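There are 2 protein chains.
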Amino acid sequence: MELNDTIAAIATASGIGAIGIIRLSGADAITIANKIFKGKDLTKQATHTIHFGHIVAFDSTLIDEVVVSLYKGTKSYTGENTVEISGHGSPYILQSILQLCIAAGARMALPGEFTQRAFLNGKMDLAQAEAVADLIAADSKAAQQTALNQLRGGFSNDLKQLREQLINFAALIELELDFSQEDVAFADRTQLANLIAELTFATNQLINSFQLGNVIKNGVSVAIIGKPNAGKSTLLNSLLNEDRAIVSAIAGTTRDTIEETLNINGVLFRLIDTAGIRDDSDDLIEQIGVGKSLEKMRSADVVVYLFDVLQADLTELIEQIELFKKEGLKYLLVANKVDDLGLAAAQAKFAMLDANMLFISAKTKQHIDTLQQRLYNTVISGQINTESTIVTNARHHDTLLKVAECLTDIKAGMDADISGELLALDIRRCLYYLGNITGQVEVDRDILGTIFGKFCIGK
Amino acid sequence: MELNDTIAAIATASGIGAIGIIRLSGADAITIANKIFKGKDLTKQATHTIHFGHIVAFDSTLIDEVVVSLYKGTKSYTGENTVEISGHGSPYILQSILQLCIAAGARMALPGEFTQRAFLNGKMDLAQAEAVADLIAADSKAAQQTALNQLRGGFSNDLKQLREQLINFAALIELELDFSQEDVAFADRTQLANLIAELTFATNQLINSFQLGNVIKNGVSVAIIGKPNAGKSTLLNSLLNEDRAIVSAIAGTTRDTIEETLNINGVLFRLIDTAGIRDDSDDLIEQIGVGKSLEKMRSADVVVYLFDVLQADLTELIEQIELFKKEGLKYLLVANKVDDLGLAAAQAKFAMLDANMLFISAKTKQHIDTLQQRLYNTVISGQINTESTIVTNARHHDTLLKVAECLTDIKAGMDADISGELLALDIRRCLYYLGNITGQVEVDRDILGTIFGKFCIGK
Numbered sequence: 003m004e005l006n007d008t009i010a011a012i013a014t015a016s017g018i019g020a021i022g023i024i025r026l027s028g029a030d031a032i033t034i035a036n037k038i039f040k041g042k043d044l045t046k047q048a049t050h051t052i053h054f055g056h057i058v059a060f061d062s063t064l065i066d067e068v069v070v071s072l073y074k075g076t077k078s079y080t081g082e083n084t085v086e087i088s089g090h091g092s093p094y095i096l097q098s099i100l101q102l103c104i105a106a107g108a109r110m111a112l113p114g115e116f117t118q119r120a121f122l123n124g125k126m127d128l129a130q131a132e133a134v135a136d137l138i139a140a141d142s143k144a145a146q147q148t149a150l151n152q153l154r155g156g157f158s159n160d161l162k163q164l165r166e167q168l169i170n171f172a173a174l175i176e177l178e179l180d181f182s183q184e185d186v187a188f189a190d191r192t193q194l195a196n197l198i199a200e201l202t203f204a205t206n207q208l209i210n211s212f213q214l215g216n217v218i219k220n221g222v223s224v225a226i227i228g229k230p231n232a233g234k235s236t237l238l239n240s241l242l243n244e245d246r247a248i249v250s251a252i253a254g255t256t257r258d259t260i261e262e263t264l265n266i267n268g269v270l271f272r273l274i275d276t277a278g279i280r281d282d283s284d285d286l287i288e289q290i291g292v293g294k295s296l297e298k299m300r301s302a303d304v305v306v307y308l309f310d311v312l313q314a315d316l317t318e319l320i321e322q323i324e325l326f327k328k329e330g331l332k333y334l335l336v337a338n339k340v341d342d343l344g345l346a347a348a349q350a351k352f353a354m355l356d357a358n359m360l361f362i363s364a365k366t367k368q369h370i371d372t373l374q375q376r377l378y379n380t381v382i383s384g385q386i387n388t389e390s391t392i393v394t395n396a397r398h399h400d401t402l403l404k405v406a407e408c409l410t411d412i413k414a415g416m417d418a419d420i421s422g423e424l425l426a427l428d429i430r431r432c433l434y435y436l437g438n439i440t441g442q443v444e445v446d447r448d449i450l451g452t453i454f455g456k457f458c459i460g461k
Numbered sequence: 003m004e005l006n007d008t009i010a011a012i013a014t015a016s017g018i019g020a021i022g023i024i025r026l027s028g029a030d031a032i033t034i035a036n037k038i039f040k041g042k043d044l045t046k047q048a049t050h051t052i053h054f055g056h057i058v059a060f061d062s063t064l065i066d067e068v069v070v071s072l073y074k075g076t077k078s079y080t081g082e083n084t085v086e087i088s089g090h091g092s093p094y095i096l097q098s099i100l101q102l103c104i105a106a107g108a109r110m111a112l113p114g115e116f117t118q119r120a121f122l123n124g125k126m127d128l129a130q131a132e133a134v135a136d137l138i139a140a141d142s143k144a145a146q147q148t149a150l151n152q153l154r155g156g157f158s159n160d161l162k163q164l165r166e167q168l169i170n171f172a173a174l175i176e177l178e179l180d181f182s183q184e185d186v187a188f189a190d191r192t193q194l195a196n197l198i199a200e201l202t203f204a205t206n207q208l209i210n211s212f213q214l215g216n217v218i219k220n221g222v223s224v225a226i227i228g229k230p231n232a233g234k235s236t237l238l239n240s241l242l243n244e245d246r247a248i249v250s251a252i253a254g255t256t257r258d259t260i261e262e263t264l265n266i267n268g269v270l271f272r273l274i275d276t277a278g279i280r281d282d283s284d285d286l287i288e289q290i291g292v293g294k295s296l297e298k299m300r301s302a303d304v305v306v307y308l309f310d311v312l313q314a315d316l317t318e319l320i321e322q323i324e325l326f327k328k329e330g331l332k333y334l335l336v337a338n339k340v341d342d343l344g345l346a347a348a349q350a351k352f353a354m355l356d357a358n359m360l361f362i363s364a365k366t367k368q369h370i371d372t373l374q375q376r377l378y379n380t381v382i383s384g385q386i387n388t389e390s391t392i393v394t395n396a397r398h399h400d401t402l403l404k405v406a407e408c409l410t411d412i413k414a415g416m417d418a419d420i421s422g423e424l425l426a427l428d429i430r431r432c433l434y435y436l437g438n439i440t441g442q443v444e445v446d447r448d449i450l451g452t453i454f455g456k457f458c459i460g461k
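Protein chains in written order, with the numbering used here: chain A, 3 to 461; chain B, 3 to 461.
Be careful, since some hints might not be right.
You can't tell identical chains apart in this list, so a pair holds if it fits in one copy or across any two.
Here are the simulated PhoX-like cross-link-like pairs (lysine-lysine), alpha carbons at most 20 Å apart as the crow flies [said to hold, decoys possible]:
id	residue 1	residue 2
1	Lys-77	Lys-40
2	Lys-351	Lys-456
3	Lys-74	Lys-42
4	Lys-234	Lys-413
Please keep in mind that the hints were generated in silico from the structure rather than gathered at the bench. Predicted model, so just to flag it, every value in this text is computed and none were measured.
Work the whole structure out from these sequences, hints included.
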């Protein structure tokens, strides 16, 4: 890992903005910036100060009027000398300034390299560094809160506690090994078994939180299906209308992804494109059992099956429900156009099919809020407590699975009364995996590359 | 114009980035930021300093870890207290912080309102303020240099000089009016006539520079047309390949506009979509005289007519040239596939048609650089001297035309020996228009609205 050179990158989003920032980090950040800056001598200014001036090319061409922010020494994001050049937010100008920084001795930063340096310089652990990327990608309150909690070390502290307990355990076992010829047992096996049980419980809790964490981070995909004229488009509009304020408040966030997203209680729901299902012919049941349509339903976290209370056929509905059950899908049955038939009549006709059936009118927006709440409840039970630790990162989840495996091995070993030497091996393996999440043990360059390669350049 | 309140906006480009900035400006900027900032008391910190801390909502929800930059008093961009909050570049988070600023007492800024305040607070004149928008939109060296020159007051100084000369003139005329009953003439009419001639010359020079200014600001549109298999696509690729380095150096700048742009000597050339012409049948000449094809050619600044030296028909080419001349189009005749026929043979066959005909091979990239230089010369004679004043703004151009009109009126009045009173009216009108460009005279709110309405929000 090269830490001797100075890196540079555009740190603001691409495209035209009022302000754009070029960030430099490294031992020479300030001297490099000083070479292209006309104004005060930056090398003589205090840390955490701002200076107005001009960026001037080596051929004396004026590039931009800027302000420069200085971070000297270790009190910066990266833990290194850092300079942020705020220029006019023209991509052309920002690129010109960046090129000039390179010409003056900086190197183009790799994706995530600023945060990687923050990690390598001990400003944050690996789990915290990963939270930075999650925080930047956060597009709902729950995602932002869990990422922020992780960034602030919530998750790391949990792991640290697990690890410390295990280290104490290991110390006793290894003490036994030192005195192995004397055949003493320092570690009370019952107490140790209890500790392993506790650790297993805590680990599994973290592992189980990933289901929720994944939902928070990636959102919930919802397939709204139903026969033509069941009112799917109207429902979609009603759902989106209900949420218009929130959607427009985060305008721009969904630009490059799926267009139709809903924010329910701070969790993002993605209405996946079920055009294939929507446009099916009348023989929906027949077609739904095969091919693409089923594939799409399976890829959704929740299926909303919408039907028209005036048109629906009981037998067909029963077949539909059986299919959902057979496929193990999470589904919501939603009876639409209830205002046309009357709620009592609709309930009398259909309610016995499914205890959880919802009766709405997409057109008059009746019970749309209930549908939203029910969608939320389908994937998330109770309120999300973003203060408690929720694992949102697949790498952490996978590593925790390995931790749990080690714990199982340790328990099995103890049950089989294997030697302290073999037990110590399992414990060390377990400690390795726990340390791997936060980077307390040395992490493979490949893994670091994978982690930071997913970051945007400039972070 | 409301200047008493504090405005807030996201100042960085939309989308996901490493860093995003919310900018606050106004008397209460620092106290408002202080309400939502957990860290040092911002009201007690010095100007031009940076502070790490947290943005916390009124319900104590942590929103983000940020650094805050303080500008106190008039030494800021707007000339007011200014705070820049640098947070994680998630649109969701930036929007949350902005909402919080609004809740804490700020008002959402209108487009360009920060720069408008800079103008109203006397930090820059109107022409300089307009240069800010041009600078942000700059996507070539020439555009950036002319905007920067204007921002630094180059254009304003020229206008100031014109205006001062005219004011001196006016003073003499008005002095005459004061003594009108005594029938004295303080102003030497010959000298005055000379001055008006000088002013007219300078004004016309500025007006004429707009043709170049417009090219610099908006680029040059080029239509490459020709019969099928003339080699248009190959030429396009060769042109773009030649320029790949420059194009990729400003990656992202052209994303939302036309895809194929060329940077020649710092000027942007846009290769306009001539699919309609390109895909025409063999009867090109016939079709080109009518409808859409001609429309597209007319909308281009330059037409490149490409033909295959092995296939081209002399009669057809002559008709083509006559059409271009009849339509008054700027055109370049380019003979392609010269390597297949041999340069000498190609020249012998076609050169007599047009003295400026170019002989190239798009495939082997022979003389592609000459074509680029010729394209450049077609619209720009000589090197662009970006140090001299070039009018790039249509409003300035239109206002200068009115100035020229007034000067003509003044001259006509003097020639007709009209009274000083009437002359003074024309002079005041002329002064008004000159002052209108820089905002030295009070500018209509409507005009200000139009100017700043074109800015992005946050600038």
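Status of each hint after checking the structure:
no., hint, result
1, Lys-77 with Lys-40, "between (25 Å within a copy, 18 Å between copies)"
2, Lys-351 with Lys-456, "neither (53 Å within a copy, 59 Å between copies)"
3, Lys-74 with Lys-42, "both (16 Å within a copy, 19 Å between copies)"
4, Lys-234 with Lys-413, "neither (53 Å within a copy, 73 Å between copies)"
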